[in-house]
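Asks: All chains, please: the whole structure from these sequences, using the hints.
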Amino acid sequence: GAVVSQHPSWVICKSGTSVKIECRSLDFQATTMFWYRQFPKQSLMLMATSNEGSKATYEQGVEKDKFLINHASLTLSTLTVTSAHPEDSSFYICSARRAYEFETQYFGPGTRLLVL
Amino acid sequence: ELKVEQNPLFLSMQEGKNYTIYCNYSTTSDRLYWYRQDPGKSLESLFVLLSNGAVKQEGRLMASLDTKARLSTLHITAAVHDLSATYFCAVDKEKDSNYQLIWGAGTKLIIKP
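Protein sequence lines correspond, in order, to chains A and W.
For reference, each letter of the first sequence is one residue, going 402 to 517 in the numbering used here.
For reference, each letter of the second sequence is one residue, going 14 to 126 in the numbering used here.
To be clear, the hints were calculated from the coordinates, so they are not data collected in a lab.
Quick caveat, the model's predicted, so the values are computed rather than measured.
Just so you know, even glycine gets a beta-carbon here, dropped at the ideal spot from N, CA and C.
Heads up, a few of these hints could be off.
Unchecked claim - Between beta-carbon pairs, the in silico distance windows are:
1. A:G402 to W:N111: 38 to 48 Å
2. W:K54 to A:K467: 22 to 32 Å
3. A:A500 to W:P21: 32 to 42 Å
What the hints assert, rightly or not - What the simulated footprint calls covered on chain A by chain W, stretch by stretch (three residues with Cβ under 8 Å from a Cβ of chain W suffice, anywhere in the stretch; the number is not a length):
4. 447-453
5. 479-488
Replies: Structural data, given as structure tokens:
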């Protein structure tokens, strides 16, 4: 199987601090990773697409300076929520696609962020 | 613009009954996916449908795809409580040499004993 992990799974932080979330593909190389956020009882909203070694492509309305994405290797992408505010509280989910396998995105378990 | 619509958005039903969830999409796409999400959890892949007329079954769930009608269905047979979850359909869209998933709003399914 293809396993994607996220760390941490839960984080509570104070307003104004930055939070880094890691997304790792444990047993495969992920040329493309996706970051989503999900509000309660809503569908997933794609934030950005990141390809290894290049800059992330952000969706319209997503602040690049607010949500910093780094896809430094074929197994790791990070999302940093800078100067977090309560409205950034959400469920963040990453997914990864294997090289040459366009059919399937493998989802991480998600990170729940609560900003006080 | 590619849009994906699910129907119904919420469904409460009794165990043992059958029901179908519908997923319509607005433009052609190569792949359609069904996912399951339990409360507080991430997504679990159920089915990937690749071609017109594709039908896949896993246990009490069966998914089908009609690319001409741009319609996929997820049929639940003799529902059991364990199938309570939110079900999402999603369609692939190519953008800038990458494939993105365009998501339906989800169908929250509650199955009562």
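Asks: For each hint, tell me whether it holds in the structure or not.
Replies: A quick look at each hint next to the structure:
At roughly 23 Å, the beta carbons of G402 of chain A and N111 of chain W sit outside the given window of 38 to 48 Å. Remark: the range hint 22 to 32 Å for K54 of chain W to K467 of chain A is upheld by a beta-carbon distance near 26 Å. A beta carbon spacing of about 38 Å between A500 of chain A and P21 of chain W agrees with the range 32 to 42 Å that was offered as a hint. Here's how the region 447-453 of chain A fares: 3 of its residues keep a CB closer than 8 Å to some CB of chain W, so the rule of at least three is met and the hint holds.
Under a criterion of three residues with beta carbons nearer than 8 Å to beta carbons of chain W, the stated coverage of the region 479-488 of chain A fails, only 0 such residues being counted.
Going down the numbered hints, you'll see the structure goes against 1 and 5, while the others check out.
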